[in-house]
Amino acid sequence: MDPYSKRKKELPERPPESTRPSPFPDEVLELVLGLLKSNKDRSSVSLVCKDWYNAESWSRTHVFIGNCYSVSPEIVARRFPKIRSVTLKGKPRFSDFNLVPRNWGADIQSWLVVFASKYPFLEELRLKRMTVTDESLEFLALNFPNFKALSLLSCDGFSTDGLAAIATHCKNLTELDIQENGIDDKSGNWLGCLPENFSSLEVLNFANLNSDVNFDALERLVSRCKSLKVLKVNKNISLEQLQRLLVCTPQLTELGTGSISQELTERQYTELENTFKHCKNLDTLSGLWEVMTPYLPVLYPACTNLTFLNLSYAALQGLELANLLRHCPQLRRLWVLDTVEDKGLEAVGSNCPLLEELRVFPADPFDEEIVHGVTEAGFVAVSYGCRRLHYVLYFCRQMTNAAVATIVQNCPNFTHFRLCIMNPGQPDYMTNEPMDEAFGAVVKTCSKLQRLSVSGLLTDLTFEYVGRYAKNLETLSVAFAGTSDWGMQCVLGGCTKLRKLEIRDCPFGNAALLSGLEKYESMRSLWMSSCNVTMNGCRLLAREMPRLNVEVMKEEGSDDSQADKVYVYRSVAGPRRDAPPSVLTLSGI
Amino acid sequence: MEGVVAYENDLNLKATELRLGLPGTERNQEQAVSCARNNKRPLPETGDQNGGAKAKSDAPNTPPAPKAHTVGWPPIRSYRKNSLQQPKQTAAESSVMYVKVSMDGAPYLRKIDLKVYQGYPELLKALENMFKFTIGEYSEREGYKGSEYAPTYEDKDGDWMLVGDVPWEMFMSSCKRLRIMKGSEARGLGCGV
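Each protein sequence line maps, in turn, to chains A and B.
Residue numbers for the first sequence follow numbering that gives the first Met the number 0, so the first one is 0 and each next one is one higher.
Residue numbers for the second sequence follow numbering that gives the first Met the number 0, so the first one is 0 and each next one is one higher.
Among the hints, a few may not be true.
Unchecked claim - In silico DSSO-like pairs for lysine-lysine, Cα to Cα no more than 30 angstroms straight-line:
no.	chain 1	residue 1	chain 2	residue 2
1	B	K114	B	K155
2	A	K225	A	K170
3	A	K518	A	K496
4	A	K39	A	K49
5	A	K117	A	K49
6	B	K80	B	K155
7	A	K470	A	K518
8	A	K147	A	K39
9	B	K181	B	K155
10	A	K228	A	K81
11	B	K99	A	K342
12	A	K443	A	K518
13	B	K175	A	K185
14	A	K185	A	K228
15	B	K80	A	K499
16	B	K155	A	K553
17	A	K443	A	K39
18	A	K185	B	K80
19	A	K342	B	K80
20	B	K131	B	K144
21	A	K342	B	K175
22	A	K228	B	K80
23	A	K553	B	K80
24	A	K147	A	K279
25	B	K114	B	K144
26	A	K470	A	K36
27	B	K175	B	K124
28	A	K117	A	K147
29	A	K185	B	K155
30	B	K110	A	K342
31	B	K114	B	K175
32	B	K80	B	K110
33	B	K144	B	K99
For the record, the hints were derived by calculation from the structure and aren't laboratory data.
Working from the sequences, and respecting the hints, build out all of it.
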């Protein structure tokens, strides 16, 4: 029997049938609304009237919470009684770059405790930037008998022991996705904790782990799990081992290889080539750690239907990339290291007409003497060849206003434009002018722009442009830029759809902070660090806007009056009570 | 935060100062002081050619000078940073291990192969010969006493460490580059701190 239907009768909150004659019984309305998948649509629907609000609440099975402190688990459970899948995001994004103190918060445990009582049949949990301890993972494994899918991205606080607990107790596990986390890799045989008859796995991603896994256990697991669609192994899996795995999994759609650096005999090479020939269903390929160039061609047969190629851990040269790309006619998304240089990007332009997303990461971000990497020329070359490009993340050491103007002229459909000129405050290297006109061109031309990251030498003019033209902008990241409060005021005043604003090392002060008073409740959050905001400014903000949480993180040895790091976010749960001593919660009371 | 307070104080002076440089060029001075990293940071051109008037009105436009190794910049996830550095270290199998060596005040850098040396004494002697200077006596408590130079290295985490504190093997696997610090900076690092 559906456990939820029983609880429905017991819950006092369920309102009586509306007295106004309704065209549909509640159950029918719920069925209809249950077909809605988009959370945006569901939010709209819930605003129509009380009946629709209730029907939507009762039919929602997945909830997305973009800031774990904006709401409490009790409030969530009260509104949505039938949740089976939860996505939670915790720390501010700048925690990825070590700007947030270690014990800041976003611990999943308090959520799990409430879920254990309110959603015992929870099936999926997807966490980003949360703190997850081994105890929490064990709690999760033991308290949710139907639990199926766990995804941890950029989380911290757990070790392979926690993974062992999940493997041991989650009998219905279909997905285990561990990505880019601060994991305490104690090695140990966590993979071997999966029972011998266990065969329901569809997604397994342990590319993050540096220790060895028990290969025999892995091989047996993979051959048992006929529904396995996604397999991403870590760099300790050799080519030979990979080959044995692939023989069992021709149905894979996403593959993350181990390292491609083992010496192969000719027979091994041929075998591997044949195995890859049978991987016709692959749409995603990643991994390729420590790749040895001569072996790259072994992958070619598997690339025919690839739409996403992630080479961001493979230090390829331009020519190697060019050769590989010739075999990837369907490519939509490409991530590379800047070792491919401009030549490699020219090859992208020539070989990937369907490309929609490009990310170029720096291989050596901290070495300023390096004259390699990519330049504006590479980006321009891509823009000429890939007219459908709409998402870019580009790390470079030089850029010009003219180049960016050309790029957006070629590709006016950018939704995400993230340009990182790595030397802070660097001007257009040919004209020596600020990069204002570059970003001006971006916002003027790309009317669909949702996300923008700016860099280089920028005056308030950039922000005037952003405020005036970027009417669809939702996320803005700013570092080492701007001239005065006016810049930030333009953004807050002009970008009507702004949801997330993160700023570091800019000359914006209290006037700028307070100009957004009315705006912050319509945003998810604001981050300002190493700017000119003072404690008094923050106190004023907290006083004027009691439904905002205003948190200040103090640095050791800093001036008492300076608000070193400020994090402001709307919340219906009130100020949080789990902040560490280094985080001051400013209350409006 | 110190940098910000200094910025606020500087603001008054700079507003009245007559300059010809372009926006961002004030940073040259601040970088010379705070840039502990190396002598060759690519600086924006101090263009005197054009935009003089523009420069004056933009004079307050000085983003706080990024110190050597600004925290969290460039914005790359720690996980990715660490993953990229590892391949170089697992070149333990390879027969050479070249690292750059810079010396404060020297016009260009040198490169040495760490694998050539059996331990610290050999390495330090080689550095002394290469750059024509003397390093003092090493002690755990006081670092290098008796000279105005201190040999330092940048480790995997991007921190600057004093050469000699950790076992040689550990040093070999975590050393990315060397720098011979001189003068007051060196004193701050090694001696009696």
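(message) With the threshold set at 30 angstroms, check whether the alpha-carbon distance from A:K443 to A:K39 stays at or below it.
(response) 27 angstroms, holds
(request) Given the hint that B:K80 pairs with A:K499, test it: the Cα-Cα distance must not exceed 30 angstroms. (result) At roughly 25 angstroms apart (the allowed maximum being 30 angstroms), A:K499 and B:K80 satisfy the hint.
(message) Can you confirm whether the C-alpha distance between B:K181 and B:K155 stays at or below 30 angstroms?
(response) Judged against 30 angstroms, a Cα distance of about 23 angstroms means the pair holds.
(message) Given the hinted pair A:K147 and A:K39, is their Cα-Cα distance within 30 angstroms?
(response) Holds, at roughly 25 angstroms.
(request) Please work out if A:K185 and B:K155 have their alpha carbons no farther apart than 30 angstroms. (result) 20 angstroms, holds
(message) Run the distance test for B:K175 versus B:K124: straight-line Cα separation, threshold 30 angstroms.
(response) 19 angstroms, holds
(request) Compare the distance between the alpha carbons of A:K117 and A:K49 with 30 angstroms, and conclude whether the hinted pair is satisfied. (result) 23 angstroms, holds
(request) Could you grab the alpha-carbon distance between A:K117 and A:K147 and see if it respects the 30 angstroms cut-off? (result) 17 angstroms, holds
(request) For the pair we were handed, B:K114 and B:K155, check the Cα-Cα distance against 30 angstroms. (result) 18 angstroms, holds
(message) Just to be careful, I want the Cα atoms of A:K470 and A:K518 compared with a cutoff of 30 angstroms; is the pair within it?
(response) 15 angstroms, holds
(request) Starting from B:K144, check that the Cα of B:K99 is at most 30 angstroms away, please. (result) Roughly 24 angstroms separates the two Cα atoms, so the pair holds.
(request) Assess, step by step, whether the Cα of A:K518 is no farther than 30 angstroms from the Cα of A:K496, and give holds or violated. (result) At roughly 10 angstroms apart (the allowed maximum being 30 angstroms), A:K496 and A:K518 satisfy the hint.
Consistency note: the structure conflicts with none of the earlier hints.
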